[in-house]
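S.K.: Since the structure of chain G is provided, determine the placement of chain B on it from the hints.
Chains as they are written, first to last, in this note's numbering: chain G, 1299 to 1718; chain B, 1299 to 1718.
What the hints contain is simulated information worked out from the structure, not anything from laboratory work. Honestly, I wouldn't trust all of these hints.
The list treats identical chains as one, so a pair stands whether inside a single copy or across any two.
Said to hold, decoys possible - Heads up, simulated BS3-like pairs for lysine-lysine below, C-alpha to C-alpha not over 27 angstroms straight-line:
| no. | residue 1 | residue 2 |
| --- | --- | --- |
| 1 | K1704 | K1301 |
| 2 | K1581 | K1714 |
| 3 | K1329 | K1704 |
| 4 | K1535 | K1704 |
| 5 | K1710 | K1627 |
| 6 | K1535 | K1333 |
| 7 | K1301 | K1653 |
| 8 | K1534 | K1714 |
| 9 | K1587 | K1380 |
| 10 | K1704 | K1534 |
The structure displayed is predicted, hence computed values, not measured ones.
Protein chains: 2
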Amino acid sequence: MTKYNALYAQSGGVTAVINSTACGLIETARKHTDKIGKVFAARNGIIGALTEDLIDTTLESDADIAALRHTPAGAFGSCRHKLGSMEKHRAQYERLMEVFSAHNIRYFFYNGGGDSQDTAYKVSKLGETMGYPITCIGIPKTIDNDLPFTDNSPGFGSVAKYVAVSIREAGLDVASMCLTSTKVFIMEVMGRHAGWIAAASGLAAEREGDAPHIILFPEIAFDPEAFLKKVQESVKKFGHCAIVVSEGVRNQDGSFISESGLVDAFGHKQLGGVAPVIAKLIKNNLGYKYHWALADYLQRSARHIASKTDVEQAYALGKAAVELALAGKTAVMPIIVREPGETYRWSIGEAQLEKVANVEVSMPRHYITKDGFGITDACRKYLSPLIGGEDYPPYRNGLPCYVTLKNVAVAKKLEKSFEV
Amino acid sequence: MTKYNALYAQSGGVTAVINSTACGLIETARKHTDKIGKVFAARNGIIGALTEDLIDTTLESDADIAALRHTPAGAFGSCRHKLGSMEKHRAQYERLMEVFSAHNIRYFFYNGGGDSQDTAYKVSKLGETMGYPITCIGIPKTIDNDLPFTDNSPGFGSVAKYVAVSIREAGLDVASMCLTSTKVFIMEVMGRHAGWIAAASGLAAEREGDAPHIILFPEIAFDPEAFLKKVQESVKKFGHCAIVVSEGVRNQDGSFISESGLVDAFGHKQLGGVAPVIAKLIKNNLGYKYHWALADYLQRSARHIASKTDVEQAYALGKAAVELALAGKTAVMPIIVREPGETYRWSIGEAQLEKVANVEVSMPRHYITKDGFGITDACRKYLSPLIGGEDYPPYRNGLPCYVTLKNVAVAKKLEKSFEV
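Bound conformation, chain G alone (with noise of 0.2 angstroms):
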């Protein structure tokens, strides 16, 4: 049997557990060397495929990709950049048939959210397009839980744990002091298009009175009187309002509220920030002190507080990807499948890419509350499970070890440069 080379990419915005699953795709190629030749990762996601950037793994040591597996972020680095469609945009295809046979890569996998699963079965279609023999295995990964099939989105989890750990923390911070200080306390987290990220922030309040006491969500127009009330009302009865607030929230016109509120010095909009917004509006009518906070970056990098299960998922996605490619699938994503019972349990299965591409799963409205503040139990029983268990970090020096690989460029073999 000829071996041939595998190529991985990341994709998008970055997780904490991505690493986890270029952990679990490396380790498992490295048990199959009588299949797969060398592992090259693309420097930058498709660009670096793309430019002919390629990363040789096979240089790096056991020890090294095993860390990938507590270390956040993209340890090949990840892109933003969408390969447009075969007719418009043929010679990016090309090139990357050009780069894969140069390199003898006949396994493709792209780790990444919707718009990834997209480029991956343009990919897989090389074969049949331009007669280039290509197994392509697409490798879920965002933190927006938005892909199809899959139980849940590998990073979401992790995301879902820092924003519900944070708000429990800061919840009890603002109860402590809400006497005589802040009475109001706001975190904005991510999640533009849905409310997953906010929702995961209500496994916080397991009894009456936890934070958050209140969370908006971009699937609900944004209602001011309705909120003011609400928040009143828990600052009546416990004294303060822990308020968590998605990035996407909408104004009943549909416009995003963090567009709506602040100019800088020179009157410029200020991009970002719904939370000030929506201090200020508490403290224009209600007059509480309040305090805010962003957590941007924060939340999707926080390898430390990650959820053990999606460390375990992640890590077995990225396994099973090479195992669906030796088995001869391709055109294909391996998925979480969530296994009926009470107690979780979960497998790997597989969806077709053609299905995956470019379809968004929305968060149901039974998971959010008739007044639009809160979560559902049926929500709560979804979610639980994803941010279940720890899975600490190795620390030195009382920081995590987070692993730096050497990334050793693979020689180039074509002449022509490409401009992406």
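M.R.: Quick look at chain B alone, frame taken from chain G:
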């Protein structure tokens, strides 16, 4: 020997480990029931003492008191209320004496920062000034790390660890994506008057190129030109730039940068948030895509990533407070003493409250690099052991189990109420 009761009160901004001090104090007192009667806690700090709103901690189980060690924020409530001078606010001191007397309290433990040590000192003088015999022990606590005599202030080490871990993680995220996405990341941290917390983030930069690349300290007047040059250098050299900025950074004229930039839709100045101002400055001058985070209360309540050293020291100080009281000491504060030698070892010492009160320790200039944007080896040597070790709380359902005490009120004995 007649047994007297004790009163414990938490004061000022809460921390991830102030309850560890409460735990050390109550557990130690419970071992000396032959000498100390009940330990009461003042609800919401000194306000509870003034309004006779006391909590009977003897009604809490040993397990719940033990759980205080891993629970952030103030379990009995805290407040920002400074007792004025004995001359001008005599009524408050008389009231305290009445409450103490009514509840047979002759031990007063006040757990707070500089202001609180001043209060503790004043209370300690009730004996001579008002003829009420009281043993008064101050216990240090403040994330600001500005108390004199003690090697560090409990609460600081855990914030320090949080910011160092967070910037390491977010820095990796930005590094992964910088080719096509965010090039500059800014994390705003607490520290209105001193740069200790900002400095601690510098521990994450162990090798060249590590985040943070720039730290902005309150101690160094902000020089936009030098700063922008440094940002540009970092982006050119490493592809990105991770910045930590203290909320207390000031312009050359001494004004806070956080107050200089943003106005809301009504033209009012937007308080808080130096990070967006810095971000905008970079965007306007260098054009780099940016993201920013504001950790706010998340940083001081982050018990999930507390420093083990901090937790142990906080506990030891609570224990020592009781031991000092039993040894007949008064008007003192137990402190952390750093032992000489290369390996960090510490013991408990004591300082006179009279000398502690209202003295603020600022960060030495030689802890900041010459260019004003980083920390020196001397600073690193001082800070590093303070974030040493992890001390994870127990988890249930993926979330840390923090205790909520019963906090049963002690029946009031005084007829008069008291307005604070």
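S.K.: Please list, smallest to largest, the hint numbers that this structure does not respect.
M.R.: Of the numbered hints given earlier, those the structure breaks are 2, 5, 6, 7, listed in rising order.
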